[in-house]
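Q: For the record, the sequence lines run as chains G and B. Residue numbers for the first sequence follow our numbering, beginning at 8 and rising by one. Residue numbers for the second sequence follow our numbering, beginning at 327 and rising by one.
Please keep in mind that the hints were generated in silico from the structure rather than gathered at the bench. Heads up, a few of these hints could be off.
As a list, the in silico PhoX-like pairs of lysine-lysine whose alpha-carbon atoms are at most 25 Å apart [stated by the list, open to error]:
hint, chain 1, residue 1, chain 2, residue 2
1, G, Lys-186, B, Lys-330
2, G, Lys-78, B, Lys-340
3, B, Lys-518, G, Lys-183
4, G, Lys-183, G, Lys-155
5, B, Lys-340, B, Lys-446
6, G, Lys-186, B, Lys-562
7, G, Lys-183, G, Lys-203
8, B, Lys-465, B, Lys-436
Estimated spans, in silico, between C-beta atoms of each pair [said to hold, decoys possible]:
hint, chain 1, residue 1, chain 2, residue 2, range
9, B, Lys-340, G, Thr-20, 56 to 64 Å
10, G, Gly-250, B, Ala-498, 45 to 53 Å
11, G, Lys-78, B, Asp-403, 47 to 55 Å
12, B, Arg-520, G, Pro-69, 48 to 56 Å
13, B, Gly-439, G, Ala-79, 33 to 41 Å
14, B, Ser-529, G, Ile-41, 55 to 63 Å
15, B, Arg-520, G, Ala-218, 35 to 43 Å
Over the 12 Å line for every Cβ pair with chain B, so calculated as not near, a few chain G residues [as the list claims (entries may be wrong)]:
hint, residue
16, Gln-19
17, Phe-72
18, Met-185
19, Phe-215
20, Ile-216
21, Arg-251
Where a beta carbon is used, it is the ideal one built from N, C-alpha and C, also for glycine.
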Amino acid sequence: MFDGITLGQYYQTDSPLHRLDPRVKLVGTMAYIIALFIVKGWVGYFLAFLFLATMIALSHVPLRFVVRGMKAILIILLITVAFNVFLTPGKVLWSFGVLKVTKEGLVFAARMAVRLIFLIIGSSVMTLTTTPNQLTDGLESLMGPLKKIHVPVHEISMMMSIALRFIPILMEETDKIMKAQMARGADFESKHLMQKIRSMVPLLVPLFISAFRRANDLAMAMEARCYHGGEGRTRMKPLIYKGRDIFGYGVVAAFFAACIVLRVVGL
Amino acid sequence: MSLKIDDITYVYEKGTAMSVNALDHISLEIPDGQFIGLVGHTGSGKSTFVQMLNGLLAPTTGHVYWNGQDVHEKGFDRRKLRASVGLVFQYPEHQLFEADVLSDVEFGPKNLGLSEAECKERAVEALRHVNLPEEFWDKSPFDLSGGQQRRAAIAGVLAMHPSILILDEPTAGLDPLGRDEILNMVRGMKEKLRITIVLVSHSMDDVAQYADRILVMNAGKIMMDDTPEKVFSRYKELEAIGLSAPQVVYIMQYLKERGLPVKTNILTVDEAVDEILAHRGELNV
Ligand SMILES: Nc1ncnc2c1ncn2[C@@H]1O[C@H](COP(=O)(O)OP(=O)(O)OP(=O)(O)O)[C@@H](O)[C@H]1O
Ligand SMILES: [Mg+2]
Numbered sequence: 008m009f010d011g012i013t014l015g016q017y018y019q020t021d022s023p024l025h026r027l028d029p030r031v032k033l034v035g036t037m038a039y040i041i042a043l044f045i046v047k048g049w050v051g052y053f054l055a056f057l058f059l060a061t062m063i064a065l066s067h068v069p070l071r072f073v074v075r076g077m078k079a080i081l082i083i084l085l086i087t088v089a090f091n092v093f094l095t096p097g098k099v100l101w102s103f104g105v106l107k108v109t110k111e112g113l114v115f116a117a118r119m120a121v122r123l124i125f126l127i128i129g130s131s132v133m134t135l136t137t138t139p140n141q142l143t144d145g146l147e148s149l150m151g152p153l154k155k156i157h158v159p160v161h162e163i164s165m166m167m168s169i170a171l172r173f174i175p176i177l178m179e180e181t182d183k184i185m186k187a188q189m190a191r192g193a194d195f196e197s198k199h200l201m202q203k204i205r206s207m208v209p210l211l212v213p214l215f216i217s218a219f220r221r222a223n224d225l226a227m228a229m230e231a232r233c234y235h236g237g238e239g240r241t242r243m244k245p246l247i248y249k250g251r252d253i254f255g256y257g258v259v260a261a262f263f264a265a266c267i268v269l270r271v272v273g274l
Numbered sequence: 327m328s329l330k331i332d333d334i335t336y337v338y339e340k341g342t343a344m345s346v347n348a349l350d351h352i353s354l355e356i357p358d359g360q361f362i363g364l365v366g367h368t369g370s371g372k373s374t375f376v377q378m379l380n381g382l383l384a385p386t387t388g389h390v391y392w393n394g395q396d397v398h399e400k401g402f403d404r405r406k407l408r409a410s411v412g413l414v415f416q417y418p419e420h421q422l423f424e425a426d427v428l429s430d431v432e433f434g435p436k437n438l439g440l441s442e443a444e445c446k447e448r449a450v451e452a453l454r455h456v457n458l459p460e461e462f463w464d465k466s467p468f469d470l471s472g473g474q475q476r477r478a479a480i481a482g483v484l485a486m487h488p489s490i491l492i493l494d495e496p497t498a499g500l501d502p503l504g505r506d507e508i509l510n511m512v513r514g515m516k517e518k519l520r521i522t523i524v525l526v527s528h529s530m531d532d533v534a535q536y537a538d539r540i541l542v543m544n545a546g547k548i549m550m551d552d553t554p555e556k557v558f559s560r561y562k563e564l565e566a567i568g569l570s571a572p573q574v575v576y577i578m579q580y581l582k583e584r585g586l587p588v589k590t591n592i593l594t595v596d597e598a599v600d601e602i603l604a605h606r607g608e609l610n611v
């Protein structure tokens with residue numbers, strides 16, 4: 008029922024990329040995205056492609072799962088490409104009435120498409136190899152310095168990890184309630200808009216009630232274990248850099264530097 | 327009215343690393359008028375199986391036939407089927423949503439397209455069958471106790487006038503008294519309404535007194551399909567898959583081993599008491 012929502016889903020396996028510290032992966036992904044906008048020439052894009060392909064190979068995630076995230080942005084991608092192809096002024100190659108395809112348009116569209124695809128796949132590789140908990144831990148640690156200016160970093164990351172944790176639960180719950188109401192003859196496949204809206208009530212009311220009940224239970228359980236916010240809280244699995252993480256940073260830095268060099272020399 | 331299951335399998339998350347074979351080549355028939363107990367350890371596939379019976383889940387392979395018609399054939403009206411095969415989910419009280427109990431019970435009949443008067447009539451009748459006192463009918467379902475909510479939810483399915491009523495662990499989370507009340511209510515419904523019952527449970531004690539046929543599920547397979555006496559006499563096998571026979575079976579077995587010549591195919595405490603009293607004085611320890 009929810010086949011489309013796989014962007015940002017963890018794929019359980021053991022790989023060098025899975026074992027990497029989440030902070031390295033976060034910084035690496037950020038650097039990769041920025042690099043995508045630094046490079047201009049085809050050599051640069053080829054380097055970005057090589058980097059991505061190596062990461063996918065290192066992640067041991069089947070390619071099928073890696074490209075699945077593309078489904079969600081396919082429409083956006085097509086629209087972007089179409090706009091760029093038809094609306095960029097320049098040397099006209101073909102024209103159908105008011106629509107003109109220009110050489111610059113084609114180049115620009117191809118570049119946009121490559122950037123978008125690499126960007127989505129790059130972030131998918133990160134979320135496929137990092138559990139939501141590791142991600143928020145990594146973010147909390149990276150944002151640590153912001154605590155000095157009184158940003159509630161711990162609370163934000165706790166809220167994020169709880170929200171992430173609840174998405175699959177609520178999806179399961181939705182499925183269950185939907186089935187229970189269908190067993191009472193509810194029709195969720197109706198084509199009429201009004202009927203469709205009305206048919207949501209028997210789904211949404213129990214869903215909200217259950218979400219509140221779960222939130223309540225969770226708050227209770229956290230309090231019962233003396234949770235009192237981030238102050239003085241220690242971790243069961245503290246994030247500690249190992250040799251491979253330093254190496255990871257090194258690889259990212261080298262890639263980033265190479266991209267800047269390529270841009271400067273105009274390749 | 328009959329339901330026939332022909333060699334069905336079901337795989338969750340097919341084609342991924344997380345795929346689970348929840349049902350493994352199950353075939354059986356559910357004729358009219360039986361009280362069937364479906365028992366199995368946690369995760370054995372009971373809930374998956376019962377969702378096959380009313381067409382909520384489509385089998386990965388195999389067929390489900392209702393009165394000889396394939397339920398997943400194109401053009402088959404599965405909403406009608408769901409009225410005939412009523413399914414009460416685990417924790418059904420979580421599906422309540424209306425402002426008052428009566429309207430909630432009317433939800434099913436309304437979906438069948440019945441008139442307002444008919445809906446109300448069916449709702450009232452269903453609420454009587456589940457023994458929910460009239461004073462609760464215009465209350466918000468969320469102001470009821472857990473046990474009362476569950477009755478209201480069961481009434482919601484009963485109001486569709488099913489000829490087969492399936493209850494998935496209707497006693498989960500209830501105290502012993504609440505449990506007995508629900509089970510007695512189910513038996514009462516079977517006798518009064520002459521409907522077929524499928525009662526899902528992981529406790530043999532729940533189904534022992536009421537069922538006249540017991541299905542034992544293990545790892546997606548139907549391991550036994552027999553009368554309660556025959557099933558319980560294989561209690562060693564039941565234990566191997568994390569189940570157990572009702573406690574009286576063990577008591578009778580023990581007494582026999584210690585030399586009291588009692589029958590061992592006994593299912594309820596009352597029968598056990600009679601049997602033991604009948605052999606009073608025969609034991610010489
Ligand atoms: N939505 C789902 N997605 C993936 N796997 C599932 C799903 N629902 C159930 N399963 C798996 O299918 C198997 C059978 O589950 P099912 O719910 O049918 O068991 P059950 O006998 O009803 O258990 P219980 O007594 O705990 O209710 C289990 O291994 C379970 O993990
Ligand atoms: Mg179940």
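Q: For which of the previously enumerated hints does the structure constitute a violation, in increasing order of number?
A: Result: hints 3, 4, 5, 6, 9, 11, 16, 17, 18, 19, 20 break, sorted rising.
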